[in-house]
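A.B. asks: One letter stands for each residue in the lines below.
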Amino acid sequence: MPQAIGAETPEQTALRESVRELLARGPGDSLWFRLAGQMGLAALAVPESAGGAGAGLAEVAVVVEELGRALVPVPYLSTALAAAVLGEGDERAAATFLPALVSGAGTAALALHGDVRCTAGRLDGVADHVLDGGGAGTLLVRVGTEVHVARATDADVTRSETLDQTRGQASVRFRQVPAVRTGLAADRVEQLAQVLLAVESVGGAEHCLAATVAYLKIREQFGRPIGSFQALKHRCADLAAEVASAGATARAAVAAAGGADPATAELPVLAPLAKRYCAEVFLHVAAEMIQLHGGIGFTWEHEAHRYFKRAKSTQLLYGTPAELRRVIGTRAGLTG
Amino acid sequence: MPHPDDERFRAEVRGWLGSALTGEFAGLIGKGGPGREHEFVEERMAWERRLGADGWIGIGWPESDGGRGLRWQQQVIFHEEYARAGAPARVGHIGEQLLGPTLLMFGTARHKARFLPGILAGTELWCQGYSEPGAGSDLAAVRTRADLHDGAWHVNGQKVWTSLAQFADWCFVVARTDPSSQRHRGLSYLLVPMHQAGIEIRPIMQLTGTSEFNEVFFDDARAAAEDVVGEPGDGWRVAMGTLAVERGVSTFGQQMGFEREFDAVLEQARALGSIADPDIAARITDAWIGLQVLRYTARALLGAPAGTTPGTEANVVKLLWAPWHQRLGELAVDVAGPDATVVGPGYDLSDAQRLFLFTRADTIYGGSNEIQRNLIAERQLGLPKG
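Residue numbers (this note's numbering), protein chains in the order written: chain A, 39 to 374; chain B, 11 to 396.
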């Protein structure tokens, strides 16, 4: 059993197990209905007064980690994050947009990248790389330093074909689209997204390592399991150390997002740090997964390429490694 | 969440260090440690006795054995504050952190009564006699012999890489006591006094130009018949027990030391202006990121309750910190540029040069990183032995 991200409460462990159980039944069209509609997981971090579960980002992180491990193409990260943001923000925005997300009837997309302006409550401009943008009904849109919420049906949404086919993107053109301010700072929403992407990367990286180690134990060449060769064992040990450190870092970031642990760095530094580090580790493990599987790892049929593509996409979205290094250097007071 | 008792304890440690690191000990701040173990040895031995007199040695040992029975978190706090204050590198740590816990696990009542008080008082220093020229990573290849006759163990052979041997009063030695035995059978764990005619110590000059390690030659050196820990022939199990306790709270003091070293490199980069170089700036940020990752990882892995984990956490942490530390050493000299190519009179190294050179040892000692990888691969990942 892959190691969970950290010391968790019995409730979080139960949540993790129920999500695993659901995902073990395999994908399917009804997965979102079961996940969001029946289990109510999209509204985990929404206050009970607004119909949610009244849990927090730590619980959303548990689900995100498991979805990352199974690499399931559901718009959970965007939707759960949007629901959490709406739940802690402006009441009018929540009253209008939250019910569909809470019930699981609708999904949300994150339009945090692009150039969108707001004049008299109307949005104009273009957002690209809108995460989970293809089928979403609700759009969370960065407008300068703020975040607004709008209906996708009021905008021009063009679905993109993506390198990582397990996570949809769209580009969205806004022409006088009515929108409501959420009252939350765009930086904070972006940082929460970075924390969740870090956690998701850890789930993916743990899976890649576990699957690779399992394969090395059964694949035989030269009359012995190839996992007995020191050249391969040492690479796996390095990966195990990286994965463990990524898990610890992501867990610290989740704690910082909840303001729970005064011993961790502040979220504005730790969110980009965790996202940068965990995505880097995920990419490395996924690349090694391909290499250590040999020819089969290079085929379309094998799952390795899906993790590899997810890892690279995660690494490039919401701050490339170079951008995030500059951000971290500045915010930590090291450089610039 | 920090426990209120822990915060009180932190204040107590800080207060004590603040008052103790004055007068004759004020000059010891930042002294000693890897690459500079030769510094201020007499003064640091006096400091060890001061630590002992005020009850700061063996704080995690049971009260019945002379310790303070403090919780793990409080031991971590002590090591953190010790490092934060820049208190001098210990000379008694081998006795406190390796031999003491071994005697607590395997020693007789007589062993404990004889040896623990000297460790706790800081009056008896220890060194470790494991490695030999032909037994490095392969410890079971030990060839040093010990024979019991005339009421004493007679020890013959050679140990190497023995830290602080020239200052130690005692050495715990793994020796072959059954001449017909092979590998890890037939070894015994002996407590050998260092001040005797049959022992010769030769310092090893390292690539730093300094000597913190020694060769120790045993030529019919004597140990008392009863100074064998565990049964004769059972030394391998005892020695492995010592290695297991090496995974310790001292890692957290080490983290604090890393922070101080990083801060010094950053300060140099600013003072010399090399931080304006985008490549240096990027490497500084990467080093800082690595330091945070190390901190979170050590806390998460080594903070887990014993018995709930695969037992390879310390291996994982070592595999991460040692290469990080080497990269910091490389960065430290690159920050200085061509000036780092010139040393002081008598091969006197700057802090940056010492960090650059000494960190090459980090991936070798305490189990080379290749050995760490084997352990992680086999014990944690379950990959088959080759």
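It should be emphasised that the hints constitute simulated quantities derived from the structure, not laboratory data. As the structure is a prediction and not an experimental result, all values here were calculated from the model. Just to be clear, a hint being listed does not mean it is correct.
Unchecked claim - Residues of chain B placed beyond 12 Å of chain A at every Cβ, according to the derived structure:
| id | residue |
| --- | --- |
| 1 | L38 |
| 2 | S191 |
| 3 | Q302 |
As the list claims (entries may be wrong) - Okay, the calculated bits of chain A under chain B, using three or more residues with CB under 8 Å as the criterion:
| id | segment |
| --- | --- |
| 4 | 246-255 |
| 5 | 311-319 |
Cβ coordinates follow ideal geometry from the N, Cα and C atoms, glycine included.
A.B. asks: Hint by hint, say whether it matches the structure.
C.D. replies: Hint by hint, here is what the structure shows:
1. L38: Since the minimum Cβ distance to chain A is about 29 Å, L38/B lies beyond 12 Å and the statement holds.
2. S191: holds (27 Å)
3. Q302: violated (6 Å)
4. 246-255: Since 3 is at least three, the answer is holds.
5. 311-319: Per the Cβ count (3), the hint holds.
Hint compliance for this structure: hint 3 alone is broken.
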